[in-house]
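Protein chains in written order, with the working numbering: chain A, 157 to 434; chain B, 3 to 553; chain C, 15 to 875.
These are calculated hints, taken from the structure and not from any lab test. Check before you lean on any hint, since a few could be wrong.
Stated by the list, open to error - Reference excerpt, derived from the structure (chain B facing chain C, CB under 7 Å, subset only):
(1) G105
(2) E114
(3) T117
(4) A118
(5) N120
(6) L122
(7) R134
(8) C138
(9) V139
(10) S140
(11) V141
Unchecked claim - Here are a few chain C residues that sit away from chain A, every Cβ distance over 12 Å (derived from the structure):
(12) Q148
(13) Q172
(14) Q192
(15) R213
(16) P328
(17) P427
(18) D456
(19) T573
(20) P603
(21) P673
(22) L676
(23) Q695
(24) W786
(25) N817
(26) V865
Here a beta-carbon is modelled for each residue, glycine too, at the ideal position from N, C-alpha and C.
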Amino acid sequence: MSVADTRNGAASRNAGLVIGAAITAAFVGVAVIAQIWTPYDPAALSIVHKLQSPNLHHWFGTDQLGRDVLSMLMAGAKNTVGVALLSVIIGVFIGVPLGLLAACPPRGAVDELIMRGNDLVFGFPSLLLAILISAVFGPGAVNAIIAIGIFNIPVFARVTRGGALQLWTRDYCLAAQVAGKGPIRISFEHILPNLVSLLAVQGTIQFSLGVIAEAGLSYVGLGAQPPTPSWGRMLNEAQTLAALAPSLALFPGSAMLLFVLGLNLLGEGLRHRREPPE
Amino acid sequence: MTQPGEVIRPSAMTPAVRAATGLLEIEALSVSIGVAQIIKNLSLEVGAGEILGLVGASGSGKSMTALAIMRLLPLHAKLSGAVRLRGETLTDKTETDLCSIRGRDIGIVFQEPMTALNPLMSIGDQVAETVRLHLCVSVAEARRMARETLDLVGLRGAQGAMDRLPYELSGGQRQRVAIAMAVVLAPALLIADEPTTALDVRTQAQVLRLLQELVRTRNMGLILVTHDLAVVAQVTDRIAVMQQGEIVEQGATQPLLRHLQHSSGRALLAAAELKPKRGLPHRQDTAPVLQVRDIVHEYPSRRRSLWRAAEPLRAVDGVSLYIHPGETVGLVGESGSGKSSLLRVILALERPQAGEVHLLGDAFSSTRGLSGASVRRLRRHIQAVFQDPYGSFDPQWSVERLIAEPFYLLEAQPTAAERRCKVAAALEQVGLSPADARRFPHEFSGGQRQRIAIARALIVEPSLIAFDEAVSALDVLVRAQILALLAELAERLRLAYLFVSHDLNVVRSIADRIYVMQQGRVVEHGPTEAVFASPRHAYTEALIAATPKLG
Amino acid sequence: MKRESLSCLAPSATRLLRTLLLTALVLTACGAQAAERVTIGMQLEPPILDPTANPAAAISEILYGNVFEGLVQFAADGSVIPKLASSWDLAADGLSYVFHLVHGVRFHDGSAFDAGSAKFSLDRALQPGSVNPQKSRLAKIRAVDVVDRFTLRIRLGQRSGGLLQSLAWGAFVMVSPQSAATNAVQPSGTGPFRFFGWRRGDSVTLVRNADYWGKPAVLSEATFKFIADPTAAYAALMAGDVDAFSNYPAPESFPQFAADPRFAVLAGTTEMETVLALNERVPPLGNLLVRRAISYALDRRAIIDGAMFGYGTPIGSHFPPRNPAYVDLTGVYPHDVAKAKALLAAAGYSLGFAVTLKLPPPSYARRGGEIVAAELAQVGIRASIENLEWAQWIDQVFTRHDFDMSIVGHAEPMDYDIYARDDYYFGYSSPEFKALIAALDDTIDATRRRDLLQRIQRKLASDAVNGFLFQYPRLAIWNAHWIGLGFDNVLGVVDLSRVHDDRVALRGAYIGRAAAARPQAFRFAGGVLAALALGLCALVTRRFGAAYLFGRLAVLIATLLVATAIVFVVVQIVPGDPVRYMMGLQADPDVIAATRHQLGLDIAPLQRYLHWIGGLSRGDFGSSFTYRIPVGELIAERLQVSLPLAVFALLLSTMIAFPVGLIAAAGRGRAVDRVLTSVTQLGLAIPNFWLGMLLVMLFAVGFHWVSAGGFPGWESGFAPGLKALTLPAIALAMPQAAILARVLRGALIDTLHEDYIRTARAKGAGEWQVLWRHALPNALIPLLTILGMQFSFLLAGGVIIENVFFLPGLGRLVLQAIVQRDLIVVQSVVVMLVLAVVMVTFLVDLAYVLVNPRLRVPGGA
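Chain A on its own, in the form it takes in the complex (with noise of 0.2 Å):
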């Protein structure tokens, strides 16, 4: 019973690439729709128009000072895909090139110095680093980026170790190194691209972590400030209005709950092209 799930499973799970791709594009079009239009301009202010219900003018209502949900969230889309998009882009410059590092031939100091120095980062509570970074430097969408990508890059590295280790173990890295290259020249000639697929996985797996600890920041408070709008302090801000305004809760939640599935879908896609079934 070696085949598990040929033609149906691999026809559903191209529906989730799709579907997946589907989402994050149509996530990231916002964010970057965002960048030069609104319906309404989110940090607009209008008292008496808060706390509308979904209506024509505003699809997805008014918050309790009466801005445009619908505008905040897409403003809050490019806010929370420029923060998971930075730090995943930090912990895979820093990260990777680390990975390749530790995983040279002959491998010693420099590898168990790597991975006990990526030991160290995993040891510490992630988020309560993040906190503590956004305490020490201010809050803020920098800072947040600057906390989130700081765990991303040992998981860069070691995923990166990982792969490169068994790509190591091919032959063709001994044919290069007959062929008179250096550990660092095979390993940006040969193992890196051969890792590109294994990489985009987990950095769409570190996209979708990224969003929810963005979320999880700006709900208490270290995220982006205000007026920029973000979906975790939408969130917060909601809880108190949870009986007048259900709305206010939903929309940003329901918007991280899809784009975190999409990239998920597409994430899971991805891995399945790399290692297609037997």
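Based on these hints, arrange chains B and C on the given structure of chain A.
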């Protein structure tokens, strides 16, 4: 209470039916997965106490036939035709019924002993599990039967052998456990799917002998699935040759071997019968291209005590060898004998703890770090071809780029046009077309890939090419072709080869001289035919004796 | 039950049965004696419980009038009435007061209250090393004399018209010489309630003082529960976790309570003036025209509507409207954009200018800030908002004056004198105003005082010192059954003396709560863990030798050392002075210096680090800056919530994940697998805090099945404790379960592709037998790592969940400690969590090595 050794018969079967037919009858069996027809209209019979060899090149459908008998096919495989065991039609049974037949009436042993056992379960429990799945006996009784069967397959061993875990056993021992699991309930039929392919020759001989004994003492039917005609020739009563899902030849072993008609069978036969090399002895007075002196290579092992440094594992222990220009030298030994470690030192991929390697008279690999420039300058004179034709190429690189990779060693990099030209020439030399340069490795078969690997080794015009089990992963037919190509290239380009392999037949067919390694040391060396004709060392003798021969 | 029937049960079963019976009995008993206890929600937790040593308003809110009493007290209108002093005489020259004290008063510690203890209380506040936050208010006192046992004389150096008012403040309550030193954690006063207990991060409990000198209280017990988050406050009231909220922080939902017959509400006022503070040192704001322009630009009504949902009274100067001396000056600067622009143009800023608007955490400031920024933008002033924690606010705005504008409420009564202080944070300096304040302090005649107060108000308005926004409302909400809760008074304290529940016949007897034994379960769990760890170590030593274990331990210790260094350094650069934060806005510099010394903050960082590490190695985490108790105790207290929560969540997630993973793997590729996989996909995507919110909305607010949050403490029984942890555990467990189930499914399917599975099938094992006996044990190995990681994550990762459910756990302790700059708590908790994570990882690694036979061969891969 059933005694081990007593044949347990399915109650539904009457003696009358059994007498009328053979033990196993396969009638018009077909298996397809999707649109691919794996087995076509196959009919076969096995009698009690008979050993049937099911032979074929890889992909001929022989393993799938074995699985089809057990109905252990992949989920989406479709099966038609009939399989009857003692007259009872297995192909009509439900999955639940089959569960009670598998392991009790039919046992099976698979190829890979390293992965065929559950790593978390003691071997005693794994053998006893077969008993407990089919008989309502106490744990103690099941373990008693398991112990007796383990004794039977030659795992008497020390006290507590029952409680050992698979990782504590060697490959041969594990294969014995697998056999014990398959025969503990004395099934009427045993299927052995390439049971010795992953084993060393000596172990292979022992396992084959064990299987033969079991068949004789228990009057069992045995289907021995293998690609190796030499193995089949030694142990089977009858042979069925498969090709592309069909049986093309069938008959009693010896006559069949003598009168193999069909091309596939003939090719199999030819490939199995590699002719020993008959060349002119090389002149030994020129300076050797490679000189290896007293190499010691150790791997650190884990410290067990805080105060005492751990004894390192000595993989290579004072090995010396030399190769003259144009000479092919074979290095043989079982897995773990240190061949690969030695090769890594020779290729200057690892630094030895003692000794030196000289290439064309200059120090190439030694305990001291040599200057990068001089090693690099020398490197172009020694190239290598590795075992795995699939892992040898970066899947993202084009063939041209792959073959041209060693150009990195040249001081003067060729221009793009020169490069293309040289790659085309190298491809032609190994029997591929220059147009293949634009393709990617996944578009080629295993044999073609090994040709690409050879082209890559040739591109910088080296003096010596090292082959690390370079034909072991290939099908017998392809293997013969590649060996022929190598012989031709050596002659034409006056190349020296260092040919590392565990397969004596292969080495015998290509090497002028051989070195035999055991536990890190060279125990014997000399001209190939001299060594084969009169081995001086007991180990060499055992190796040669255990190697299966046709006829 | 007959002896025989019991004996056939296993001994453990008998024990279990007995425990269950006992539990049931205890629970019934608890149910019978409800009521007469009130639980009051408060937004802020007091840092300590001594009002004479710390200015935090929360201290007085709980204790003033209930536990502590002063010589005099404020009436509702701000006038001064007798308390422990039944009457007083003022000498004709205004330089000496004689107080006649009430007879027969005893402190809770048993000692008697007399002129001696009154003199002690005042002298203690006045002495040079005193940390009394309002010390300067009594600066004119020259001496305090005991005339006779119940007569006290205060002699003044100069006349002080505000002396009586000052004595009514919480900072000058009467304390007993015997117990004054321990008031910070064990307050002992003369009031109708005694201090009973303080569950840090959660609540303070008072019980009735049966020997009260006045009319004893009806209520037997009162608990003040601290709920900072407006949402949690809302949920707690709705779910009935608290009976009342004295200062409800979410005005948006106030009307909802007002309309609900179950609740009684009060929308009163407080002494807190909310102002847009302007830094006069900054050039444009030093200009009177600009400040007036700002005042014209402010639309107070919109601010009150937007930030306070309509609650709050507009003010035109720094003075509470309910005071008899109040003049309405809101008309001085009506909202007039054109006029504001004209004034700006006249001041030379026709193009406007840019400023920073630094906002402290309360919602009035944050929300108000957004509106103010929008209003200023209309007249061309571009304000960029910067949100600060309180500690940062005190550091940057209050201490270093590094700001342009800020919004803040000034809560102290009669605090107009801050405008006369030199170098106060907004930098207003006016000789005329100082003269007015001096004259006021020199005046005793009521009419003249009133006249002076009105001139003070007018002066502040005409100078437009700050943008005066609104008088902060007091929004109190309580369960309508509670009669007599007093909220509306000058100091904003909660008066419990006349409270009772109309549902319960008045019972005189005080039903004491037995002090619960500290749960042994934790010590037991700790023991089991330690035994487990030791066992693992022993096994590993046997198999791999001591060198391997010591090597691993050395790495572990090195990791921890590096971690402590990192945490220490990070914590050192956190901006904000903990002492500033602790001592409040009006603390005197010498007081601050004294406190710094007391806390050991004046020594070099390296020395402090070594000291801390030394302590850690002995298991001594140091002493909390704010709570003044050992950090170890604080952590142990919080672990009682965090640890069971983590274990509970882990169990839940495992219990959900295993069946799901197994079923999905067994039915791989089929519909059941696809459905389960989709569900786990959804579980992965739900942020746990949002799930928590939804669960609260549904099960606590909607169905009333469980409380919306909070933690009753294990001493109130296992079942209530477990119940309180259920929703948070579910919220935490769901995403974890989804991860676990997916990993399990993946590992199982990977294992099912292994050769030995085929071998097992060939033996005749069926689908489930193969899955259960062969696939699962092998799939568990990779799962072990995930489980270890999840436990660490759950232990530390509940910060947000703990906030959603206001659980007094470790995460909230850290969050609070960061806000309060309680550095030592922050660094200790983080290091402890790192220790936990590293230890768990270490143990999991050992277990992994032991379980996985492939790793057992030395040197094996």
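A quick look at each hint next to the structure:
| no. | hint | result |
| --- | --- | --- |
| 1 | G105 | holds (4 Å) |
| 2 | E114 | holds (5 Å) |
| 3 | T117 | holds (4 Å) |
| 4 | A118 | holds (5 Å) |
| 5 | N120 | holds (4 Å) |
| 6 | L122 | holds (5 Å) |
| 7 | R134 | violated (10 Å) |
| 8 | C138 | violated (14 Å) |
| 9 | V139 | violated (15 Å) |
| 10 | S140 | violated (18 Å) |
| 11 | V141 | violated (14 Å) |
| 12 | Q148 | holds (30 Å) |
| 13 | Q172 | holds (45 Å) |
| 14 | Q192 | holds (41 Å) |
| 15 | R213 | holds (22 Å) |
| 16 | P328 | holds (15 Å) |
| 17 | P427 | holds (29 Å) |
| 18 | D456 | holds (46 Å) |
| 19 | T573 | violated (6 Å) |
| 20 | P603 | holds (26 Å) |
| 21 | P673 | holds (20 Å) |
| 22 | L676 | holds (15 Å) |
| 23 | Q695 | violated (6 Å) |
| 24 | W786 | holds (16 Å) |
| 25 | N817 | violated (6 Å) |
| 26 | V865 | holds (20 Å) |
The earlier numbered hints that this structure contradicts are 7, 8, 9, 10, 11, 19, 23 and 25.
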